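Chains as they are written, first to last, in my numbering: chain F, 1 to 145; chain P, 1001 to 1130; chain X, 2001 to 2323; chain L, 3001 to 3262; chain H, 4001 to 4663.
Quick caveat, the hints were computed from the structure, so don't treat them as lab data.
Just so you know, not all the hints are guaranteed correct.
As the list claims (entries may be wrong) - Pairs of lysine to any residue residues, derived as SDA-like cross-links and limited to a Cα-Cα distance of at most 20 Å, are as follows:
no., chain 1, residue 1, chain 2, residue 2
1, H, Lys-4402, P, Leu-1116
2, X, Lys-2115, X, Gln-2269
3, H, Lys-4608, X, Gln-2269
4, H, Lys-4596, F, Pro-72
5, L, Lys-3142, L, Asp-3174
6, L, Lys-3240, P, Arg-1022
7, H, Lys-4334, H, Ile-4551
Said to hold, decoys possible - To be clear about the criterion: a stretch of chain L counts as covered by chain P if any three or more of its residues have a C-beta under 8 Å from a C-beta of chain P, and this derived list gives those stretches:
no., stretch
8, 3102–3113
9, 3193–3205
All values reported here derive from a predicted model rather than from experimental measurement.
For each residue, glycine too, the CB sits at the ideal point set by N, CA and C.
So the chains spell out like this:
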Amino acid sequence: MSMNQEWTPKIVAFCCNWCSYAGADLAGSGRMNYPANVKIIRIPCSCRLNPMFVLRAFQRGADGVILCGCHPGDCHYSTGNYYARRRMTVLFSLLDYMGIERGRTRVEWVSAAEGAKFAATMNDFVKTITELGENKKLGDLRCKK
Amino acid sequence: MSLTNKVTAEDVLRISGVDASRCMQCGKCSGACPNYDEMDLHPHQFAALLRKGEVERLMESNALYQCLSCFACSQRCPRNVEPAKIIEAVRLTVIRQKGRNYMTADRLPEKLDEDLPQQALVSAMRKYSK
Amino acid sequence: MQEMIINRLRELLADGEYAGVIGWAQGETPFDRTPNLFNAEGLDQLRYDSFCGSNLSKYLVQQASKTEKKIIALLKPCDCYSFNQLCTEHRIDRNKVYVIGVGCKGKIDVEKIRKAGIKGITGITEDGDLLKIETMYGEKEISRKDVLLEKCLACKGKEHKCADEVLGESEETCSGDKYAAVRRLEAMTAEERFEFWRGELSKCIRCNACRNVCPACSCIKCVFDNPNSGVQNKAAADDFEESLFHIIRAYHVAGRCTDCGECSRVCPQGIPLHLLNRRIIQDVNELYGDYQAGESIGQRHPLTDFTLEDEEPSVIDTRGGGK
Amino acid sequence: MNYSYYPGCTLKTKAKELDIYGRLSAAKLGIILEEPEHWQCCGGVYPQGEDEIATRLSSIRALAAAKEKGQDLITLCSACHHVLKRVNNDMKRNATICQRANNYLQLDTPYRGETEVLHYLELLRDRIGFDTLKSAVVNPLKGVNIAAYYGCLLLRPGKEMGFDDPEDPCIIEDFIRALGATPVKYSQRNECCGGYLTLENKGAAQKRAEAILSSAADAGAEMIVTACPLCLYNLKNNAKTKIPVKYFTEVLAEALGVKEEL
Amino acid sequence: MQKIGVFVCWCGSNIAATVDVKAVAQALKNEAGVVFSTDYQYMCSENGQAMIRQAIKEHQLTGIVVCSCSPRMHEATFRKTAVSAGLNPYMVEIANIREQCSWIHKDIAEGTEKAIVLARAAVAKLHKNAPLTAGTSPVTKRALVIGGGIAGIQTALDVADAGFEVDIVEKSPTIGGRMAQLDKTFPTLDCSACILTPKMVEAAQHEKINIISYAELESLSGFVGNFTATIRKKARFIDEDKCSGCGVCTEKCPSRKGLDEFNMKLNKRGAVYIPFAQAIPNVAVIDAEQCLHFRTGKCGLCQKNCSAGAIDFEQKDQLIERKYGAIVVATGFKPIDASAFNEYAYNDSPDVVTSLEFERIMNAAGPTKGQLIRPSDLKHPHEIVVIQCVGSRCTEDKEKGKPYCSKICCMYTAKHAMLVREKYPDVKVHVFYIDARTPGKNFDEFYRRAVEQYDVDYIKGMVGKVAVEGDKLHVQGSDLLNGEQVHINADMVVLATAIEPDPTARSLGTMLTASMDTNDFFTEAHPKLRPVESPPAGIFLSGVAQGPKDIPETVAQAGAAAAKVIGLLCKNELTCNACVAQTNEAICNGCSQCEKVCPYGAITYEDKEIRSPEFRGIRRIATVNEAICQGCGACTVTCPSGAMDLKGFTNSQIMSEVDAICR
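Make the full structure from the sequences, and use the hints.
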């Protein structure tokens, strides 16, 4: 359905229900544009993001994965984002170590009041991923070639 | 005095790096100014007139040469407007124009006395001429 | 040493208080030592020498829960960390195991001897720091420290962290910076690192040896075997999945891996899998403070913990290392 | 401890006392001040215009030279301190100025504000400590009521200078106390003396100077100390009220017993 | 296999303008399991819902996907619709094609394509949904009010009058708060104490209210309806039950160095003191830092003279643990520290005072017994300057001050000016102001009265410098209207300082997980529609803790918070979250990692008999308390075997969404 067959990045954004999903809604009601490549998956808390979901997204052809959650200290469940912060740090570092482009994964804290930040973050992330180009490595870490 | 290039409020804002729109016209700058009585325009007016784009009025002001550069206005401004920077920027736009040096070296000797430190001369030349 | 252990075990097993001993027996090839459960009668078959590199702690997960009686385990200093970690995770009941710490001065990697060009090995005898190797082509010599197992070079020390009694002397065999290999990789460009890992992981045949030996991989049912996990695959469905397997495995044991090095030791393809885990250990220590999994029982590992001041994930962009 | 030291033009001519007593005292306190071989005048006025690059260069050269030696840069003259400190801030925080200045200078390694600029008084307070200074005093100035005159340049803008609370400074009072004298607080100590206008509008400068001196006199000051040559000139020459005005380094040298008659 | 119905909403033109809704409905027909797909102008309307109900029945749908606005808007609506047609409410998924699609995109092709992907993801997730039933949890019928000022007192009274138990925790030795320190109130000029103290007494005597003074919240756990609070009751070294408040101890105390907090530290008090005459509880307190007994081991005069035997030097802090159903934050404010504003000579002269200090000077029970005299020499002032907006309305990059308008200063300044002129017509009062902000009932009339009737000199402009010159305060400021710099030799200067949240607010906010703004005011759950609730359920806001306000606004908000609390406590039980964690016992290792990351302590372990292909026998298994679990999912990621999963957001549901999006 796209106008032309040029490559555009596929971005999966995991948003916690309480802050960032609401922030994305606010970006919407404020008519703040960001690219349509970004598709949001609602999770209850940033700590629900299993690293397996990130890898799965890449495996299935995503070019970038971003996690948005409440700011540290503001987690609806008190501590969820603190765990998410450590988990993603370790995961991203491991992917970096395996030679995957650093820019493909990101964590950003977006509150329910930060619609503008949500839109700006997505615009910036899409820009970064577009510059990085297609995700070849993670989909293409061919083992038998 | 005719200007070859018209100086705009944007020029002054750019040179000064100041955001004049933050000014709420509380007048604390002018209340703090130690040389208020010597000036025809006062610090808060520099922000206000700049907002209105009336740069020419500012450029013709005698206040440009009465400002002590003591930064009391900038220091005490509750909104970080820094009027001292606006005054300096306007002064720069004036002396950068042809024939608008406020002070020239040949005028200096008459003003000197024995004890006057270099600092006074250097700064005067820098402030009032190209 | 072996005699001393067997004699002590005979004493312990004499009154039937213990169900048996987890120790090493002769394997299929001359220098292979395989885990085995011994009773008093079978003790003659017990082996303890420089080839007993394997970590026995994982075998206690099943054995110790089978019987009411206590079981005796022979653990080298490094095995103790895995043992403690499994106790922390309630996979082993500490009260049901009598741990004999056995002395260790580093174990020998026969592959390294072969790689040094010594072929047709028929026998190996030790003479202090020197190994005398009988081959079909005559006797050769090689320095013992040159053929130690990879994991011995990252030795965590000679202390047994959980022993009820200790038999024999131990020596620390750590050689320099254990993160040296990790740092070498870090110093490469992203492209080079990617090529390195692609090269290594493409050798994987999904034999699951690493998973089966890993003391941290003690799950009743592995996520890769679980149809509901979303990552189930017996054999790789697509090419990405081998590496996915290793990334997920490394991540799953993050914070719990004691750096025992068994994964790399058993890999038939010689993939340096421990370099994945060791990088995570390095990260965790740098970012969240020094932590050694299995140092003691009951620790809270760094990924189940946090501080308010933890670094943001973007720290990776600015930290030294990766280019 | 070795520091780079930027004296500035005035200290080489009309304000020799400020410089010489500063050096003598530093030597007594075990501080080695190294004056770079080639330094240029800082210009005396901080160029507030964001597009003024050329007028910042002489300061940056001095700052970069200190960086080469791996030393902090010590200043004495208030004006030089003000200019160097703020230009250094620009090099740290204003990417455009930093880049444009470096384009001009073509240094071996670009200068990005790495040097720390310290005023002599900050050196005494933060590196040596007023307690240490106190114990080094041999001629305590007992019973002398000294008023500090801060002026503008050391204090403002407070956020950039980071020198002291610009509305309630205490560093010179603490300094006076360390020398055994009694500090006199008065309301005009951080108000401008009008020195810059001494050439243009002597009347205004006289009015400001008188306001300061009479306020200090009312508060019981017997002496005023300052760090600025222009302030010193103005307070001495343009006020009706007469109180001795001295450089702070002169009383420092006196208290440390290293004062020589010049 | 599910039988899924897809319903695409136009939302008038909100969606239909940038998403081809018919194309979306058409495209979804081709998805596996979708047996019905349609579009309609307003799905949330009665007609739209009827259409859904009919389709569910007609096509025997097992689940529905509604492509509409955010689930935060109408998920509950469509769940109810589903229930009324006999479906489980959790067999409903929403594809957010308005906020996250039509409203942010302009190109219709782009919008339509994205809407289809979002709808597909919802269908993919729905395939893995299972019917869920929510549990219930009981409600503890007691409220905790933190802060005993007028806000806390009013909320407590209203809740208690409805028949529920209320505990007030107050950190100082008495309730009353800032209002107790005020002399008169604007715009009526009635005496603050006269209207406040009856309320304090009422609270103290109310059988449902329990005042825990000199105490602070130490920790809090639990969730709405089921909070457990630990309260630290600080040792006051006085037995509250024995002390009669006679005050003999305060007279006998030889220590006179303590600063009287109630009088803004303008005078000294003894080490044992009662904050003010109408304090509640009317019980003394010992300031251990000043007390000679604690400092030297000697003295004990108070103890010797206490006929009630109430002095107890051995008293220790006491920890009280209690359960609550609701929590009200009423922590109030304090004036900012004026010492950062020495351009107004606050540090240089005792005759420069803040407005709250001035309030105490004007008060008959204050340090000067209500006499207007200067703190420095106790002389009567003849000229007073008030400076407004001290520390208010500053930009955030300024090193001092607050970015907001403190709201009450214009009015209390007019009050001060008026009171001075009324009592001492010989005193000139000048007020420097930027704007006189008086939007309130009878406020502007009040301010005008100060100008017209009392001849208060309002000068539009700010003061640049206050200089202490001899025994005068030289005030130099702008008169913007007359275009001149004015110089006033005043005898006193009053600083109308900004107010800021109480310093305990930040740590309390963290403890309650209640969000706060950058100025440490508590944030409302919704700025318009839920102004007295904090985002976490069961936490309510009362008074200035939420933002600057005057007394009537505070009282009104306190009542509103009370109404919300009563609404909650009326219920016998709350419906729990149905989306809770669940253990797959067949594969749980019992490794105890999930328990470590659970913020609610909802996970425990039991030895259970397990019969599965992998294991037969008794094994340690994790169990989730569904009433406690809030469904964050932290445990699911920590679980190495994947035995722990989150209902409604299962691993396979999320993975299906990922797959559908990346398809």
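Violations among the numbered hints, reported as their numbers in ascending order: Of the numbered hints, 1, 3, 6 and 8 do not hold.
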